[in-house]
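Guided by the hints, dock chain E onto chain D, whose structure is given.
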Amino acid sequence: MPDQDMIDNLTVPSKPEVVNLDMAPPPSTTPPTPSQSGKGGSSHDTDALSKKLDELAAKLEATTSQSTQVSAVKDAIKTLFTEGADAADALELLGQFGEVDPNVLTQVTASVRQKPDDGKLSPQTQFELRQSEAHLHDYNEQRAATAINRVINDTKLQSLISKRCELDPDAKKEEILAAMRDRINKAVYNSVEAHWGRQPEGTPFNPKWFDQAADYALSELLDVVKLGVGDPSRIGRAPEAAGHDLLQPVPELPRGKDGKIDPNAIREMGPGGFRQYMAARLARAGVSGQPGSRV
Amino acid sequence: MATIIAGSTTFAGVRETEYNEVISEAIGVNLMNLGPFWERTALSSSGVLNVSTEGSKDYIVNRVYRHGLVGVGQFDTAGAMIFGQAGQANPYAGIRLNPVVGNVFPSAALSADRVGVRLSIPMRSQTYNYNAVVTEMQASGLSWFPGEDLADKDYAFAMKIAMDQCLQFYASGAAGYEFCKMTSGVTSTPSGGVADSLLTFVPDNLAPWRFEKGQRVDFRLVSTEARINEVGGTHYMGLIVGVDYTTNEVKAMCLSPATGAAVDLATTFATNLNTAADSTVRITPCSNYDGTNYYGIAGLPAWVVNSGDLLGNEAIGSADKGKLDVDTHAHLKSIIKAVSGPLTEDYLLKVLTLARRAYMKGGGDIDTAFTTPGVIQNYREQKRVQSYIATQSGGPSSLANEGFKGPIIITDHNGKTLSIFADDWVESGTLWMHRLGGGNWQRLVAPNLTDGFGEGSTAASVPGALPFHFIASYFGFPGRDLPLYATGGGTNDPTLAVQRPGFLVYQLAPKDPRGVKLTGLTESVVTNGS
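Protein sequence lines correspond, in order, to chains D and E.
Under our numbering, the first residue of the first sequence is numbered 1, with each subsequent residue one higher.
Under our numbering, the first residue of the second sequence is numbered 1, with each subsequent residue one higher.
With the rest of the complex left out, here is chain D (with noise of 0.2 Å):
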């Protein structure tokens, strides 16, 4: 699973409209006892809720434009506790916008975010849509996770890593994954939140950006890992497209204690020390540009 403290920086950029899940509910909210969020404790008619709550998903998935959209969810959300919901209700009925469409859901709580004090929505309301907000962020991590598996598991990154080890008796596919998967997630996360930080001010989130970067991430790891292997058509017969081993670590100029380039271990290191220096940064930097791949 990626890094919480990554996902809780990256997903959640410093955007005013954006989610955030570190942030506590007011003092003023009322907070949820248990005869509120547990579902035993309900006291409305659950056979009218239920009906009710039908009706709503209808009418969602009856509506095509997102602001209709928005508009439907926060008519629902305020119908929902006029007839006496609880928070486990409406989680429910939040699981099935989260089938809708996500950006409806973050366009709802971010409303909801800059408006904390108009009054229109109750406490409980308000404590609810937070409620709402560590769906969307769950939501947003499983389809991050989901789209980082796909490449992890893809069969021909996996032939390739596994045709590299037979190549070289010390590289261990594990751990070579567990490298590769740190790299994709953070490729993963810093594209999509660039991406978004790119967008129109106001543009909601998107989690299908997720599956886009790891599509591409793909496509450009599999360039990679043919640097360090030859091209999946030569496996087996041609060595000679070995290359740079781009999965090993890039070396860093020596630093001293005090975290500062340190001059005299750079001349130590020599012309020659650091050409390789220079090699291994460029070939991390040429994928397709260091033609290893078009040999």
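Heads up, some of the hints might be wrong.
[Claimed, not checked] Here are the simulated SDA-like cross-link-like pairs (lysine to any residue), alpha carbons at most 20 Å apart as the crow flies:
no. : chain 1 : residue 1 : chain 2 : residue 2
1   : E       : K160      : D       : P271
2   : E       : K213      : D       : G272
3   : E       : K333      : E       : K361
4   : D       : K260      : E       : P463
5   : E       : K181      : E       : L239
6   : D       : K260      : E       : G437
7   : E       : K213      : D       : P271
8   : D       : K156      : D       : A178
9   : D       : K260      : E       : S457
10  : E       : K181      : E       : Y245
11  : D       : K257      : D       : P271
12  : E       : K153      : D       : G272
13  : E       : K511      : E       : R357
14  : E       : K337      : E       : T522
15  : E       : K511      : E       : H329
16  : E       : K160      : D       : K260
17  : E       : K160      : D       : G273
18  : D       : K172      : D       : N153
19  : D       : K156      : D       : L222
20  : D       : K186      : E       : S457
21  : E       : K153      : D       : G270
22  : E       : K153      : D       : K172
23  : D       : K260      : E       : K153
24  : E       : K321      : E       : R66
25  : D       : K260      : E       : G439
26  : E       : K251      : E       : G232
27  : E       : K333      : E       : R63
28  : E       : K153      : D       : A178
29  : E       : K323      : E       : K153
30  : E       : K416      : E       : R357
31  : E       : K160      : D       : K186
[As the list claims (entries may be wrong)] Some chain D residues flagged as far from chain E (calculated, every beta-carbon gap over 10 Å):
no. : residue
32  : E141
33  : Q142
34  : A145
35  : N149
36  : R150
37  : I152
38  : C165
39  : E166
40  : D170
No lab work stands behind these hints: they were computed from the structure.
Note that the structure is a prediction, hence the values are computed from the model and not measured.
For each residue, glycine too, the CB sits at the ideal point set by N, CA and C.
Same frame as chain D, but now just chain E:
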């Protein structure tokens, strides 16, 4: 960190940044190895501004200098400080009438004040290019191919840029950043079937290490700065093809831009290079001359001046609003002395005392000296001759640690030290003193040219690194390669090669420009294989 979705931070963008970083680092590492100056400079964007407000990419650095004292004071008897002393005489013992406050303080209107004067420092750009061929790129991707071919090429490219910077720092822009002049005794011989095509000369400053095989140079007449290797607007760029350190000989050719072939030096040019005398021809990097200036970075000769404007011809603006004339602002004058003899500790301390006394009030200092290994060698010999047997602290004198593991360090009469470094790029017989502490010398970089060179990047952390930028990505190409086309016959046909153009925009400037220059110092060197 790599990002993947389209935009400036794409995977392609990351490649470009990586390339920029690596070359910038390599320039820094090469500069560290070429001379001791660069790693003692600070990186800064402070004061680097657009020349105009219209988004111009022409940059300028404005510095305001203030000097002098503020206020007025007067000395008087203590009585003047007692209020009422100037009142009427006592009508009775112990009583005073109509006390008057004495005119104790001098008029503030008489206070001197200091006025800032502005120095404007123009930024400089340097453009570079090189090529790579598909076959070598392919070979470089093979594990069994000997050597890191492309990395080796990049390293040498960075070395070329670094050598250019070293030259610019110590050599005068007014003299075209000359590598050297040719001594008499220049010879040329046939090469490759072309008569008189291989020029062999000895640098007049006995500094063949300023040259390296593959360097492109120009030959210019000292009297007019006219480029000898240019005929009818066609520039036959000079190429250094060999350096022989045992004889100090440098070998060069001039190549036809049309055919790439070496030309006959005696017949192609108006001035016959193989009969040129030492004082008439200077060898410079390939740079343009506009009749007044060569536009390189401002090196020491532009700052350490004792007359005229700081930056000389390259100063911009008007008096005190861009230009600073040290004849007007004498406190900015540097000390320049022609010694004509060996460097002795006696003389060094005298000059150091003079300089520190002169620069002290402006907050200045002198802490470092750069000179040639030959001058230092001669200095050490002088110390032996003069039988310096004790250091000023009373301990026995030791030469063992002077200049081997670090600089020679001498101590003045107030216990302040001066570090003396040997630097191959200093002109023969010359010693420079300047302040390097306190981040006095800055590598000034335009703030929006810091991509791949920003705060926290490895490149910016390498002492002396300079921000090199490949431009391919600006045209939408991933990484740094642009196609290299064969022109001719009205077509632009693609070739098996790529080109990698890029640029460097920066300036070197000290906050305190005042220094010391000593010339005519005796060199102790082994020359001509003797």
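Do the hints match the structure? See the list:
1. E/K160 with D/P271: 14 Å, holds
2. E/K213 with D/G272: 19 Å, holds
3. E/K333 with E/K361: Status holds; Cα separation ~13 Å.
4. D/K260 with E/P463: 9 Å, holds
5. E/K181 with E/L239: 16 Å, holds
6. D/K260 with E/G437: 18 Å, holds
7. E/K213 with D/P271: Distance of about 17 Å is within 20 Å: holds.
8. D/K156 with D/A178: 17 Å, holds
9. D/K260 with E/S457: Holds: D/K260 and E/S457 sit about 11 Å apart, inside 20 Å.
10. E/K181 with E/Y245: 17 Å, holds
11. D/K257 with D/P271: Answer violated: D/K257 to D/P271 is near 23 Å, above 20 Å.
12. E/K153 with D/G272: The given pair, whose Cα atoms are some 12 Å apart, holds under the 20 Å limit.
13. E/K511 with E/R357: 18 Å, holds
14. E/K337 with E/T522: 14 Å, holds
15. E/K511 with E/H329: 15 Å, holds
16. E/K160 with D/K260: 26 Å, violated
17. E/K160 with D/G273: Holds. E/K160 to D/G273 sits at ~19 Å (cutoff 20 Å).
18. D/K172 with D/N153: 16 Å, holds
19. D/K156 with D/L222: Distance ~8 Å between D/K156 and D/L222 Cα, so the pair holds.
20. D/K186 with E/S457: Holds, because 18 Å separates the two Cα atoms, which is no more than 20 Å.
21. E/K153 with D/G270: 16 Å, holds
22. E/K153 with D/K172: 34 Å, violated
23. D/K260 with E/K153: 27 Å, violated
24. E/K321 with E/R66: It holds: about 13 Å lies between the C-alpha atoms, which stays within 20 Å.
25. D/K260 with E/G439: 16 Å, holds
26. E/K251 with E/G232: Distance of about 25 Å is beyond 20 Å: violated.
27. E/K333 with E/R63: 17 Å, holds
28. E/K153 with D/A178: 34 Å, violated
29. E/K323 with E/K153: 42 Å, violated
30. E/K416 with E/R357: Satisfied, since the Cα-Cα distance of roughly 12 Å is no more than 20 Å.
31. E/K160 with D/K186: 37 Å, violated
32. E141: Since the minimum Cβ distance to chain E is about 19 Å, D/E141 lies beyond 10 Å and the statement holds.
33. Q142: 20 Å, holds
34. A145: 17 Å, holds
35. N149: 17 Å, holds
36. R150: 15 Å, holds
37. I152: 16 Å, holds
38. C165: Correct as stated: the minimum Cβ-Cβ distance to chain E is 17 Å, above 10 Å.
39. E166: 16 Å, holds
40. D170: At roughly 15 Å from the nearest Cβ of chain E, D/D170 sits farther out than 10 Å, so the non-interface label holds.
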